[in-house]
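Peer 1: The chain contents come next:
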Amino acid sequence: MLELFHWEPVGHCARVLICLHEVGAEYRSHYVDALKFEQFSTDFLKLNPLGQLPVLKSGDVAMSESALLNEYLAESHPESNLAPADPVDWYNVQVWSKFVDYHLASSLGTLGCRKYLVPVLKEHDQAELKRKIASIPVPERKAGWERAAADDYDEELVTNAERKVKLVVDRMEATLAAGDWLVGEKYSIADINAFAMISGLSAAAPHIVNERDAPHVMDWTATIAERPAVRAVLSSPGLRRRRDLVFIPGPEHSRWG
Amino acid sequence: MLIARRNARSATPELYHWEPNANSGKPIIALLEKGVTFESRYTDMLEFDQHKPAYLSINPDGTIPTLVHGDSVLTESTEMGEYIDAEFEGPALRPESTEERWRMRWWGKFLDGYFGPSLSMIGWSIFVGPAVRNKDPEELKRNIERIPLKERRDAWTKAIYNTFGDAELAESRRRVQHGIAVFEAGLGQRPWFAGNSYSLADINAFCMTYALPLMQAEFVNAVKTPHLIDWLRRVYARPAITEAFKLGRTPMAARAVEVRELIGGGDGNA
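Protein chains in written order, with this note's numbering: chain A, 1 to 257; chain B, 1001 to 1270.
Isolated chain A (complex conformation) (with noise of 0.2 Å):
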C-alpha cells in the first residue's frame, strides 16, 4: 500500500491529497508536524534529504517533488484520466505545473509565511525556536525558517513575490475565460496543482486573487472545491489538525534565469 507523509491538506501537501483521494487509492497517512521541526528528524531525512513534504512511498521507494507525484499518481491510474494522452496536453499539462511552481510556490511561501507563520512562531520559546532552526541541515531551508523567525520580509521580496503571483493569475485568468479548464476540456493535474497555490493565496494575497480582478479563476476555484476528492480532504479532521491557517516556507525564489 502507498504511504503519504504529509502535514496540513495546504499547499504542496493538499496537491497529493487530493490526487490521491481523485485516483482513488489506498494509502496510509503519517502526519509530519512541520511546527515541530519532524521533517528535519533523521529518519525523514531519510526518506527525502532536502526536508521537504510531502513524501510519497511505494515499496521500499520514497518520491517528493508534489507535482512529480501527481503526475506519477495519474500516469499510474490511467483510468482516472487526470493524465492527458496526448502528447500536446501533456506538454501543456507540465508546463502549467511549472509555471505554476516556478512562481506562485515560491510566493506562497513568502506571502503565506509572512501573514500566517510569523505570529505563530512569535508565540514560541525564542531561544529554543532559535536553536532548532539553527540545528536545520538543509541550508535552502533553514534559510526560510530563519526569515521567517525574524520576520525579515523586505519590500523587495514581499514586491516581487506579488509580481509574480500577479503573472501567474493574470494567465489563468485569460485561460479559465476561453475555457473550463487549464488545459483542453478535461479537469486534470494542472488543475489539482494550480488549486492548491491559489487557494492559499487567496488567505495570504487577497489583494490580488479575488473576485474583481480574477472573477473566473475564483469561479474555477469554487467549482474544484466542490469535487467530493477536495471536500474529503480539506475536511476530514484526520488530515487537517490544526484550526487556524499556517503555511510553511516553501522552495525559494529562482536565483538566476
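It is worth saying that the hints were derived from the structure and are not from the lab. In this text, all values refer to a predicted model and were calculated from it rather than measured experimentally. Any given hint could be a false lead.
[As the list claims (entries may be wrong)] With a straight-line Cα cutoff of 30 Å, these simulated DSSO-like cross-link-like pairs (lysine-lysine) come out: (1) A:57 - B:1150; (2) B:1109 - B:1224; (3) B:1224 - A:46; (4) A:166 - B:1224; (5) A:132 - B:1109; (6) A:142 - B:1109; (7) A:115 - B:1150; (8) A:142 - B:1150; (9) A:46 - A:36; (10) A:46 - B:1109; (11) A:166 - A:98; (12) B:1135 - A:57; (13) A:98 - B:1224.
[As the list claims (entries may be wrong)] Which chain A residues stay away from chain B? Per the calculated CB distances, all over 10 Å, these: (14) 58; (15) 123; (16) 255.
Glycine residues also receive a C-beta, built at the ideal position from the N, C-alpha and C atoms.
Assemble chain B onto chain A, guided by the hints.
Peer 2: Leaving out everything else, chain B in the frame of chain A:
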C-alpha cells in the same frame, strides 16, 4: 508559454537552438536519439538573435530553444523532451516503469531548479559576460531593454556589467559541488539516472555535466567521481552525441573533444 493545437502532424519540426549545450542541447540530442529529421535554426545568443523581432514573433518570451512543429510552438526544454519522445517514432527515451519515470523527472527538476542555475551563473560570469562585454555600450543597453522576461533581463544585466556578487558566486560553487556529489551517489546505485535505461534524465544531465571533467577537473575525475566518469564515457560513446556537437559553432563544442580525450573510451568507435 503554452502552445496551440496543431493541424500539420506530418510537418518537419524546426528547432531554434544555440550551442549543443544546457537547454539547447536537450532537444537536439532527444531528436537525434529518436532519429527525427529536423530543420536546425542556429540562433546566436551572443548576437542577441533571440531578442530580435523575427525570433520574438515565434517565441515572445525570447528564450532558447524553441521547437516549432506544425502549429505548435514549444519553449520549455525539459518538457519538450517528453513531447519529442511521445510524438515521434524511434527508441523510447522515457522508462516504462512509473517509478523510474518519477525518478527521471526528479532529476529534471534537480537539474533545472538547483544544479543548472548555479552552473549557469558561473558559466555566464566566465564565458557569456566576457564574450559580449566589448560590444558597443549603447547597443548593449538597447539589447537589455528588449528582453521580455524580467528574470532574463536581470541575468543579462549582471553578465554584461559584471555585477555578480562574491557571495552568490560562492553559493553557486557550493551548489555545483553538492550537485556533483548527488550525481555520483545516484549513479553509484543505478547504471543510468532514472534506473535501468538511458532516458531524458541522462540527456538533461549530460547537457549540464559534459564539460565538468575539464572545467571542474579537481572535483570530477576518475578517482573522486568514478561513477560519474564512467557514465560520461557511456553517454559520449552514443552516436547522437557526436552528431549533436557538430551543430556547435563556438569553442564550447570543441571542449567535448578535449573531454573525450581526457576521460578516454568515448570516441564512438571504442
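Peer 1: Now tell me if each hint is right for this structure.
Peer 2: Do the hints match the structure? See the list:
no., hint, in the structure
1, A:57 - B:1150, "violated (38 Å)"
2, B:1109 - B:1224, "holds (25 Å)"
3, B:1224 - A:46, "holds (24 Å)"
4, A:166 - B:1224, "violated (46 Å)"
5, A:132 - B:1109, "holds (28 Å)"
6, A:142 - B:1109, "holds (20 Å)"
7, A:115 - B:1150, "holds (26 Å)"
8, A:142 - B:1150, "holds (27 Å)"
9, A:46 - A:36, "holds (18 Å)"
10, A:46 - B:1109, "holds (19 Å)"
11, A:166 - A:98, "holds (16 Å)"
12, B:1135 - A:57, "violated (54 Å)"
13, A:98 - B:1224, "violated (34 Å)"
14, 58, "violated (7 Å)"
15, 123, "holds (32 Å)"
16, 255, "violated (6 Å)"
Hints 1, 4, 12, 13, 14, 16 from the earlier list are contradicted by this structure; the remaining hints agree with it.
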